[in-house]
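Novice: What follows is each chain in one-letter form.
There are 2 protein chains.
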Amino acid sequence: MIRFEEAYALVLSRVVTIQKPERVLLLESLHRVLAEDIVSDINMPPFRKSAVDGFACRMSDLRMPLKIVETIAAGSLPTMQVEPGTCAKIMTGAPIPLGADCVLPVEDTRLADDLYVEFTGMEAKKNICELGEDIRIGDVSINKGIIIGPQHIAIMAALGYHQPLVATQPRVGILPTGDELVEPNIKPLGGQIRNSNGYQLVAQTKAAGALPSYYGIVSDSKDATYEVLAKAIAENEVVTLTGGVSMGDYDYVPEIMEKLGVTIHFSSVAVQPGKPTTFGTLDNKLVFGLPGNPVSAFIQFELLVKPAIRKLMGCKQLNPTAIRLPLAEDYRRNRAERMALVPVKIIAGSAVLPVEFHGSAHIFALGNADGIIAVPIGTTKIDKGEIVDVRPL
Amino acid sequence: MIRFEEAYALVLSRVVTIQKPERVLLLESLHRVLAEDIVSDINMPPFRKSAVDGFACRMSDLRMPLKIVETIAAGSLPTMQVEPGTCAKIMTGAPIPLGADCVLPVEDTRLADDLYVEFTGMEAKKNICELGEDIRIGDVSINKGIIIGPQHIAIMAALGYHQPLVATQPRVGILPTGDELVEPNIKPLGGQIRNSNGYQLVAQTKAAGALPSYYGIVSDSKDATYEVLAKAIAENEVVTLTGGVSMGDYDYVPEIMEKLGVTIHFSSVAVQPGKPTTFGTLDNKLVFGLPGNPVSAFIQFELLVKPAIRKLMGCKQLNPTAIRLPLAEDYRRNRAERMALVPVKIIAGSAVLPVEFHGSAHIFALGNADGIIAVPIGTTKIDKGEIVDVRPL
Numbered sequence: 001m002i003r004f005e006e007a008y009a010l011v012l013s014r015v016v017t018i019q020k021p022e023r024v025l026l027l028e029s030l031h032r033v034l035a036e037d038i039v040s041d042i043n044m045p046p047f048r049k050s051a052v053d054g055f056a057c058r059m060s061d062l063r064m065p066l067k068i069v070e071t072i073a074a075g076s077l078p079t080m081q082v083e084p085g086t087c088a089k090i091m092t093g094a095p096i097p098l099g100a101d102c103v104l105p106v107e108d109t110r111l112a113d114d115l116y117v118e119f120t121g122m123e124a125k126k127n128i129c130e131l132g133e134d135i136r137i138g139d140v141s142i143n144k145g146i147i148i149g150p151q152h153i154a155i156m157a158a159l160g161y162h163q164p165l166v167a168t169q170p171r172v173g174i175l176p177t178g179d180e181l182v183e184p185n186i187k188p189l190g191g192q193i194r195n196s197n198g199y200q201l202v203a204q205t206k207a208a209g210a211l212p213s214y215y216g217i218v219s220d221s222k223d224a225t226y227e228v229l230a231k232a233i234a235e236n237e238v239v240t241l242t243g244g245v246s247m248g249d250y251d252y253v254p255e256i257m258e259k260l261g262v263t264i265h266f267s268s269v270a271v272q273p274g275k276p277t278t279f280g281t282l283d284n285k286l287v288f289g290l291p292g293n294p295v296s297a298f299i300q301f302e303l304l305v306k307p308a309i310r311k312l313m314g315c316k317q318l319n320p321t322a323i324r325l326p327l328a329e330d331y332r333r334n335r336a337e338r339m340a341l342v343p344v345k346i347i348a349g350s351a352v353l354p355v356e357f358h359g360s361a362h363i364f365a366l367g368n369a370d371g372i373i374a375v376p377i378g379t380t381k382i383d384k385g386e387i388v389d390v391r392p393l
Numbered sequence: 001m002i003r004f005e006e007a008y009a010l011v012l013s014r015v016v017t018i019q020k021p022e023r024v025l026l027l028e029s030l031h032r033v034l035a036e037d038i039v040s041d042i043n044m045p046p047f048r049k050s051a052v053d054g055f056a057c058r059m060s061d062l063r064m065p066l067k068i069v070e071t072i073a074a075g076s077l078p079t080m081q082v083e084p085g086t087c088a089k090i091m092t093g094a095p096i097p098l099g100a101d102c103v104l105p106v107e108d109t110r111l112a113d114d115l116y117v118e119f120t121g122m123e124a125k126k127n128i129c130e131l132g133e134d135i136r137i138g139d140v141s142i143n144k145g146i147i148i149g150p151q152h153i154a155i156m157a158a159l160g161y162h163q164p165l166v167a168t169q170p171r172v173g174i175l176p177t178g179d180e181l182v183e184p185n186i187k188p189l190g191g192q193i194r195n196s197n198g199y200q201l202v203a204q205t206k207a208a209g210a211l212p213s214y215y216g217i218v219s220d221s222k223d224a225t226y227e228v229l230a231k232a233i234a235e236n237e238v239v240t241l242t243g244g245v246s247m248g249d250y251d252y253v254p255e256i257m258e259k260l261g262v263t264i265h266f267s268s269v270a271v272q273p274g275k276p277t278t279f280g281t282l283d284n285k286l287v288f289g290l291p292g293n294p295v296s297a298f299i300q301f302e303l304l305v306k307p308a309i310r311k312l313m314g315c316k317q318l319n320p321t322a323i324r325l326p327l328a329e330d331y332r333r334n335r336a337e338r339m340a341l342v343p344v345k346i347i348a349g350s351a352v353l354p355v356e357f358h359g360s361a362h363i364f365a366l367g368n369a370d371g372i373i374a375v376p377i378g379t380t381k382i383d384k385g386e387i388v389d390v391r392p393l
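For the record, the sequence lines run as chains A and B.
For the record, in the first sequence the residue sitting at position 170 is 170 according to my numbering, with numbers rising by one throughout.
For the record, in the second sequence the residue sitting at position 384 is 384 according to my numbering, with numbers rising by one throughout.
Please keep in mind that the hints were generated in silico from the structure rather than gathered at the bench.
Be careful, since some hints might not be right.
With a straight-line cut-off of 35 Å between C-alpha atoms, the simulated DSBU-like cross-links for lysine-lysine are [to be verified]:
| # | chain 1 | residue 1 | chain 2 | residue 2 |
| --- | --- | --- | --- | --- |
| 1 | B | K384 | A | K144 |
| 2 | A | K144 | B | K345 |
| 3 | B | K67 | B | K144 |
| 4 | B | K384 | A | K316 |
| 5 | B | K316 | A | K384 |
| 6 | A | K206 | A | K222 |
| 7 | A | K316 | B | K316 |
| 8 | B | K316 | A | K187 |
| 9 | B | K187 | A | K316 |
| 10 | A | K187 | A | K144 |
| 11 | B | K275 | B | K259 |
| 12 | B | K275 | B | K381 |
| 13 | A | K125 | B | K206 |
| 14 | A | K345 | B | K222 |
| 15 | B | K285 | B | K316 |
| 16 | A | K222 | B | K89 |
| 17 | A | K381 | B | K285 |
| 18 | B | K306 | A | K345 |
| 19 | B | K126 | B | K206 |
| 20 | A | K384 | B | K20 |
| 21 | B | K311 | A | K306 |
| 22 | B | K345 | A | K384 |
| 23 | A | K275 | B | K20 |
| 24 | A | K187 | A | K381 |
| 25 | A | K20 | B | K345 |
| 26 | B | K222 | B | K306 |
| 27 | B | K126 | A | K126 |
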């Protein structure tokens with residue numbers, strides 16, 4: 001049994017990206033991982049322009065009436081230079097004439113007559129948007145490795161990236177194992193339970209930005225497991241099995257993995273739930289044997305598989321940003337040999353409450369959970385009010 | 001000019017859902033809005049079962065040696081009742097025999113001989129998973145109105161919802177206006193700028209869970225605007241235009257809206273950026289005239305259009321949960337007649353920093369933003385360390 005931190009480092013150390021990035025249409029790039037830096041081909045603003053309607057002049061001339069030499073509309077060009085004692089009437093967005101170093105807002109001025117204007121304000125501000133103050137040619141606006149959101153789509157559109165380069169989505173094979181499983185459309189009888197793991201992993205894979213391939217329920221037979229696992233390893237960059245990894249008579253997933261040539265790096269992690277999590281590699285393929293209990297499988301996918309998928313795509317942020325919040329009630333546990341992973345609910349953004357949770361089969365507990373907190377090995381209690389790091393779901 | 005809170009209430013008061021919900025395959029339901037309660041058709045656990053390997057007995061018999069009357073494996077049924085002074089050897093997950101009210105863990109017992117066992121622990125716990133303690137037939141596990149995440153997919157699979165009922169996605173027509181716009185694949189010349197609003201709104205619409213229809217750049221002509229807007233209103237539940245809503249000569253979007261029979265509810269909101277935001281309705285169609293400045297359009301879509309889309313889908317959570325974090329540096333502004341909407345960056349989950357932001361054309365500022373904070377009317381300063389509500393992007 002190894003510590004979670006070790007397991008996590010081991011998984012990430014085995015991630016080798018072999019897929020080449022691909023170009024997609026801008027609108028297809030939402031939620032993909034950006035695989036190139038977004039560099040500006042323009043200056044914004046493209047010229048020095050006025051931020052207000054007013055009078056462009058020299059800051060040193062404010063105490064004298066200024067002669068208005070021309071009017072510059074938005075979209076037109078100045079024809080004169082601003083000399084000492086003169087100014088140009090100017091509209092918001094219009095180019096600043098040579099010689100001017102500020103614009104007096106119209107509300108801070110008074111016309112002396114048709115030809116002269118006086119400053120009536122307290123202090124003069126520049127009121128000029130400098131050429132390229134938002135962005136300059138050659139500036140990197142977005143670094144590669146981010147997950148593309150709507151705001152990045154806007155920036156890529158503004159900078160002409162109509163076919164951005166994005167990471168190719170890794171394929172993730174999903175193999176729930178167990179003779180007790182029936183598909184969701186079947187009413188379970190006797191010792192049967194519905195296959196929730198397969199569907200959950202497909203959804204988690206999609207949410208992680210990868211492409212799921214669902215192989216159906218694999219029966220508890222060595223031959224069947226061998227055959228399907230071999231096929232899944234050949235067809236995907238990542239393979240996740242659930243079930244068959246504990247100590248029972250039918251738990252031969254690690255054995256089959258080895259028979260297929262998979263090097264097993266660990267088969268037990270000091271976490272609760274999720275202890276019998278197994279991880280191996282074959283060439284650059286990553287194979288995860290997750291526990292059959294749905295909550296264990298869910299949490300270990302989030303904590304170990306998702307960061308691996310993100311790293312495969314060159315994503316810089318492997319895990320969601322933790323939110324630091326106080327605990328809304330005391331947390332207690334009797335034993336602390338393993339790191340506990342506790343589903344929690346966020347209460348109005350200001351505190352977190354562990355959700356009622358009967359153990360690793362209690363998938364219904366996750367319906368109310370907004371996040372997970374990790375309670376370290378050796379810690380048996382966290383008091384109400386103590387700050388915890390919540391990993392959002 | 002109305003306050004943001006009024007504008008928000010007005011928009012939501014006009015939302016009428018006319019689309020019927022639809023059934024989709026379970027795996028297609030990820031990120032859709034659930035339109036039915038998820039009710040259990042099973043008890044989990046389906047019977048009273050042991051939580052440990054040990055001996056099922058009566059709590060009142062702990063101080064005497066107990067006679068072992070049978071062994072109950074997982075998957076097999078008890079054949080005897082536990083009488084005073086007796087117990088049954090039992091495996092984790094096996095059904096509890098009648099008469100027993102606790103299970104002594106094997107590690108807290110000692111075999112007296114082949115037939116008798118003694119309790120050696122300090123205090124006895126029940127160690128029984130009660131029938132239906134995770135969920136019972138008829139329990140509502142998930143209430144309708146949530147956005148379906150992977151954990152909900154797992155629960156729906158477990159409860160047999162292989163074709164859940166989800167809200168139909170509203171269609172959102174997207175019409176960027178302005179003769180200065182060129183599509184992203186064109187290098188802008190002179191006064192041209194690339195159309196970022198159209199792409200941004202398509203991406204925001206997708207991220208909000210609706211179906212975007214992009215109508216292309218609409219030129220600054222009353223006839224063109226009239227024609228495209230009429231078509232978009234006919235074909236969508238929501239229409240968003242950008243540009244043409246200020247006071248310039250070519251800003252006739254509100255006029256065209258009225259000519260088409262759209263009732264305008266407001267055309268100016270006390271927010272910065274985003275003041276010239278216009279909202280109208282025609283029957284149950286919602287029409288938003290958003291500002292042409294990209295940051296204004298982005299923020300007003302997030303704050304006004306997205307909650308309307310979510311309400312159209314019957315989603316209970318109209319806005320993302322705010323995160324309460326301290327400000328990492330002083331915030332100051334000179335004027336406070338409008339509510340300021342300030343893009344901020346979250347620093348390692350523990351504080352927020354306003355991003356460098358030159359105003360409503362500065363779309364590049366959003367590339368580094370993780371959220372938005374609202375500074376109320378009348379507030380000119382927030383000191384470093386004060387707690388603010390961050391709306392995540």
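Novice: Tell me, which hint numbers fail for this structure?
Specialist: 3, 10, 13, 14, 17, 19, 20, 23, 24, 27
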